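*Asks:* Given these sequences and hints, build the entire structure.
These protein sequences, in sequence, are chains Y and R. Going by this note's numbering, 25 is the number at position 25 of the first sequence; the sequence numbering is gapless. Going by this note's numbering, 103 is the number at position 103 of the second sequence; the sequence numbering is gapless.
Think of the hints as simulated: they come from the structure by calculation, not from any bench. Just so it is clear, the structure is predicted and the values come from calculations on it, not from any experiment.
In silico DSSO-like links for lysine-lysine, alpha-carbon gap of 30 Å or less:
#1 15(Y) <-> 107(R)
#2 60(R) <-> 77(R)
#3 107(R) <-> 83(Y)
#4 77(R) <-> 49(R)
#5 107(R) <-> 78(Y)
#6 44(Y) <-> 60(R)
#7 11(Y) <-> 83(Y)
#8 77(R) <-> 44(Y)
#9 56(R) <-> 68(R)
#10 62(Y) <-> 83(Y)
#11 44(Y) <-> 56(R)
#12 44(Y) <-> 107(R)
#13 68(R) <-> 44(Y)
#14 110(R) <-> 83(Y)
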Amino acid sequence: EAGVAQSPRYKIIEKRQSVAFWCNPISGHATLYWYQQILGQGPKLLIQFQNNGVVDDSQLPKDRFSAERLKGVDSTLKIQPAKLEDSAVYLCASSTSGGAGYNEQFFGPGTRLTVL
Amino acid sequence: GNSVTQMEGPVTLSEEAFLTINCTYTATGYPSLFWYVQYPGEGLQLLLKATKADDKGSNKGFEATYRKETTSFHLEKGSVQVSDSAVYFCARIAYSGAGSYQLTFGKGTKLSVIP
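*Replies:* Structure (C-alpha cells):
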C-alpha cells in the first residue's frame with residue numbers, strides 16, 4: 001500500500017515570496033491533516049479536512065496561509081507571502097474516519113521549507 | 001488545555017544501555033497516548049499507543065505504561081541499538097468535534113546510540 005506522498009521534499013525561497021506544497025493521502029483516507037514542525041519542536045496542527053470540508057483551521061495563520069482539498073483527495077497548502085519564521089517542515093498526514101474512536105494517522109515524509 | 005511535556009534532549013547512550021524518556025500530559029479526561037518515532041530523513045511513524053489507564057503499549061522492544069495517577073507515559077527500552085537513533089515524540093489526542101480527533105505532540109527527544 002502506498003503511503004502519504006508529499007512534494008517537493010525541499011524548498012528554499014526568499015521572504016515575501018509565495019510557495020505551495022502538495023499532498024496525496026493514502027487511498028480511501030477521508031481525513032487529511034497539515035502540520036507545521038519548527039526545528040526543535042513537535043508538529044503543530046495547522047488544518048484538518050474531512051473529505052473536502054474543513055474540520056478545524058483554528059491554528060492556521062489565515063492572513064498568509066491557505067489550504068484546499070477540492071475533490072476530497074489530494075491537498076495543497078500555500079504560503080503567501082512567506083516570512084522568515086515560516087521556515088519549518090510541513091507534514092501531511094491522513095487517516096480513515098468514522099468508527100468509535102481515534103483512527104491512526106499516517107504521515108508523509110514532509111517538505112522542508114527554508115525562508116531566507 | 002491539552003498539552004504534553006517530555007524530557008529535553010539530546011540523549012546519548014551506548015549500545016545495550018537502558019533507555020527512559022519521560023513524558024507527562026495534562027489530565028483533561030482520559031486521552032489515548034502515543035509515542036511516535038522519526039528516523040533520519042523519514043516521516044513520523046507510530047511506535048506504540050495506550051488507550052486507557054494501566055494499559056501498556058509495546059513494539060520493537062519499547063514499552064510505555066499509561067499511568068493515570070502520575071499522568072505519565074514514559075518510554076522505556078531495556079537494551080538500545082544503534083538503529084534506535086531517532087527523534088521520539090510523545091503525543092495525546094483530543095476530541096475536536098464532528099467525530100474527529102487531533103494529536104498534540106511534545107517537543108521531541110533526540111536519541112543517539114553509539115556503538
